[in-house]
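Protein chains: 2
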Amino acid sequence: MLLIKVGGGKQINWDGVCQDIRQLSQEEKIIVVHGASVQRDEIAARLSIPVKTVVSPSGISSVYTDEEALDVFLMAYPGLVNKQIVARMHQHGINAVGLCGVDGKLWQAKAKKDLLVKEGNKVKLLKDNRTGRVEKINTELINLLLEHDYIPVICPPSLSFESEIVNTDNDWAVAVMAEALHIRKVVFLFEAPGLLRDHLNKDSVISHIEKEKLDEFLEFAHKRMKKKILGAKRAVEGGVEAIYWGDGRRETPVKDALNGKGTVIS
Amino acid sequence: MLLIKVGGGKQINWDGVCQDIRQLSQEEKIIVVHGASVQRDEIAARLSIPVKTVVSPSGISSVYTDEEALDVFLMAYPGLVNKQIVARMHQHGINAVGLCGVDGKLWQAKAKKDLLVKEGNKVKLLKDNRTGRVEKINTELINLLLEHDYIPVICPPSLSFESEIVNTDNDWAVAVMAEALHIRKVVFLFEAPGLLRDHLNKDSVISHIEKEKLDEFLEFAHKRMKKKILGAKRAVEGGVEAIYWGDGRRETPVKDALNGKGTVIS
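One line per chain: the protein sequences are U and R, in this order.
The numbering of the first sequence is the numbering used here, which starts it at 1 and goes up by one.
The numbering of the second sequence is the numbering used here, which starts it at 1 and goes up by one.
Keep in mind the hints are simulated off the structure, nothing from the lab.
These figures come from a predicted structure and were not determined experimentally.
It is possible that part of the hints are untrue.
To be verified - Pair by pair, the computed Cβ-Cβ distance ranges are:
hint, chain 1, residue 1, chain 2, residue 2, range
1, R, HIS148, U, LYS52, 36 to 42 Å
2, R, GLY120, U, THR139, 37 to 43 Å
3, R, VAL51, U, ILE60, 37 to 43 Å
4, U, ILE60, R, HIS182, 33 to 39 Å
Heads up, the beta-carbon is just placed ideally off N, CA and C, and yes, glycines get one too.
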């Protein structure tokens with residue numbers, strides 16, 4: 001079983017991704033997870049809702065989700081983007097079904113209502129935070145679809161244990177899902193050639209990382225790549241044997257990633 | 001099996017609907033279809049995208065869907081509204097899974113790219129119309145979910161036979177779905193007590209309509225109720241034995257409709 005996470009950038013070559021999935025799905029079951037951050041930001045801007053970013057006390061930045069931001073999130077992720085991807089897949093002959101973590105409690109998360117954030121040198125408490133961390137997967141629903149030859153196309157948000165909608169980190173959810181479904185190979189596609197030793201030099205791709213040594217590479221991780229490394233660590237802890245970070249803008253993005261054209265963690 | 005279509009108004013008592021569904025689902029399988037027209041219009045207004053209405057040569061008005069309008073539709077229907085309904089159902093202990101017609105080709109539609117519309121006394125041809133009419137249902141996917149005790153919560157848009165996303169009339173889709181699944185009872189909830197003999201007098205509810213005589217009631221149908229009558233006719237032709245039009249604002253909206261508190265077509 002292959003889990004493919006595709007980032008939310010606008011330059012992702014979705015036709016290429018679909019062609020690869022169509023081919024690879026002849027040989028193994030495939031699950032797709034996707035982002036939609038760029039469209040989320042665009043809709044927020046058009047609605048004049050600022051996207052608020054916060055920094056955790058340990059220095060990791062993320063988007064702050066209040067109720068208004070969650071509405072925009074729902075418009076972009078399971079609405080506009082998920083359904084456009086699903087339709088595109090059907091155009092390529094892929095029998096896709098789009099779901100978000102809320103559906104059938106696909107992704108259940110521990111809500112984190114109070115959030116500690118760093119503002120300059122101070123640490124502040126934010127209330128009414130609508131995020132959480134995925135802890136439980138409805139594997140029965142995913143397997144049901146896979147057994148009947150559907151390809152699940154999944155995105156956040158998730159459902160909290162109190163049945164409220166919460167935004168959750170996608171890479172973390174992918175790691176938890178990989179563990180729950182005993183998946184050994186995970187592909188992550190984004191708009192970069194892989195993990196770069198120098199984020200300004202696209203020729204500095206780190207082609208291989210020993211999976212036990214992920215921590216050592218945190219220093220090379222620029223901005224949101226830090227989260228990717230934490231997600232990868234979690235995936236390795238959950239039993240994933242190989243993680244392929246690849247460039248979603250290439251002609252055959254999934255195959256190239258699997259062929260080691262990006263960064264392989266194994 | 002009971003099919004419940006809930007309109008897209010903001011005054012629908014969703015907690016009441018959920019409580020009824022929770023109870024009724026102990027005895028029979030339930031499928032929910034919903035609208036989201038009010039939220040669609042709100043998002044369109046906030047994005048400064050005017051909702052364009054057109055009138056067919058036979059005098060039936062409907063929303064004109066171009067590509068921009070379809071994007072808004074996706075934000076509202078399978079995005080914001082579907083997921084909020086699904087989460088609400090989980091809060092009431094209902095194991096809901098939200099899908100739109102695009103997912104797994106759930107609702108396949110014949111696209112209608114060219115549209116004849118009446119403007120004053122003239123008939124004009126509009127191109128690039130993104131609507132269609134539902135003709136084919138993926139009953140396998142719906143039955144798969146029902147057999148595993150999920151309640152499907154379905155909304156438009158649909159997938160055309162060319163795998164493009166198209167807006168489709170909800171009441172018509174409900175009728176085609178009822179036929180494909182051999183459903184005998186369909187409940188329609190909206191923000192009115194039923195079909196009114198005089199649309200300005202809420203005490204003029206027509207409590208019963210013989211299903212063979214639906215045509216005679218077209219004259220009482222105000223605005224969008226015309227489409228409901230055409231949808232009901234299609235449902236009756238497809239084998240539906242009883243249609244219950246009821247007020248979604250009541251305390252127990254589904255049960256009241258089934259108990260004949262609105263308009264019963266049988």
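*Which of the stated hints cannot be reconciled with the structure, identified by number in ascending sequence?*
The structure breaks hints 2 and 4; every other hint is satisfied.
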